[in-house]
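Engineer: Here the protein sequences line up with chains A and B, keeping their order.
First residue of the first sequence: -10, per this note's numbering; consecutive thereafter.
First residue of the second sequence: 3, per this note's numbering; consecutive thereafter.
Everything labelled a hint here was simulated from the structure, so no lab data went into it.
Just so you know, these numbers come straight off a predicted model, no measurement behind them.
Ideal placement from N, C-alpha and C gives every residue a C-beta, glycine not left out.
One or more of the hints may lead you astray.
For the chain A half of the interface with chain B, some residues (derived, Cβ under 8 Å), not all of them [claimed, not checked]:
#1 29
#2 33
#3 38
#4 39
#5 52
#6 61
#7 86
#8 90
#9 91
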Amino acid sequence: EDQVTQSPEALRLQEGESSSLNCSYTVSGLRGLFWYRQDPGKGPEFLFTLYSAGEEKEKERLKATLTKKESFLHITAPKPEDSATYLCAVQPNTGNQFYFGTGTSLTVIP
Amino acid sequence: EAGVAQSPRYKIIEKRQSVAFWCNPISGHATLYWYQQILGQGPKLLIQFQNNGVVDDSQLPKDRFSAERLKGVDSTLKIQPAKLEDSAVYLCASSRQDVYEQYFGPGTRLTVT
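Only chain A is shown next, with the shape it has when bound in the complex:
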């Protein structure tokens, strides 16, 4: 069964304290892995797409990496405005479904 698991569920960081969020997935074959940011009361905002193991993408303080079984979202020197829920989603290479994890709620304390 296709599955996406994110950890930790919640993370509190001091401003400037770098860390990583994990997304592990179980699919028969991967078409794409997606990272989104969701602020309270808003829809998810697209961050990255990764297609193959070894791929990396960066945007400001965020860097996403992909292996055959998991993806990491690295946050370097976070700021309070990075506080949000970060969602991971996978699209298997069979069918048209997208499977989201339950997200990691990140709080960055000034």
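Got chain A; can you put chain B on it based on the hints?
Structural biologist: Quick look at chain B alone, frame taken from chain A:
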């Protein structure tokens, strides 16, 4: 460029009533998605359209949920009759035909009492 528009933003109904949600995708986006997000969970894909046609509706509860996309642009999602467990945020997203990045609207928060 305007984003994905959804209305209403909030809706409160009693169980067994019906409700409809509207979505206008980003101009030129051929693919449109409807998701259900229950509090504390990730979005769950209900139905995906490519232009006018349904690509995937495997997780749509078809006994009570229906959706249409007329003329390949706007879409409506309907629930009839609503149940308590339908309380959730209903998100609409769209993407270009050749890429998979989805752009989400603000969602409609439905409360069924």
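Engineer: Hint by hint, say whether it matches the structure.
Structural biologist: Hints, one by one, checked against the model:
no. : hint : result
1   : 29   : violated (11 Å)
2   : 33   : holds (5 Å)
3   : 38   : holds (6 Å)
4   : 39   : violated (11 Å)
5   : 52   : violated (18 Å)
6   : 61   : violated (18 Å)
7   : 86   : holds (6 Å)
8   : 90   : holds (5 Å)
9   : 91   : holds (5 Å)
Checked against the numbered hints given earlier, the structure breaks hints 1, 4, 5 and 6 and satisfies all the rest.
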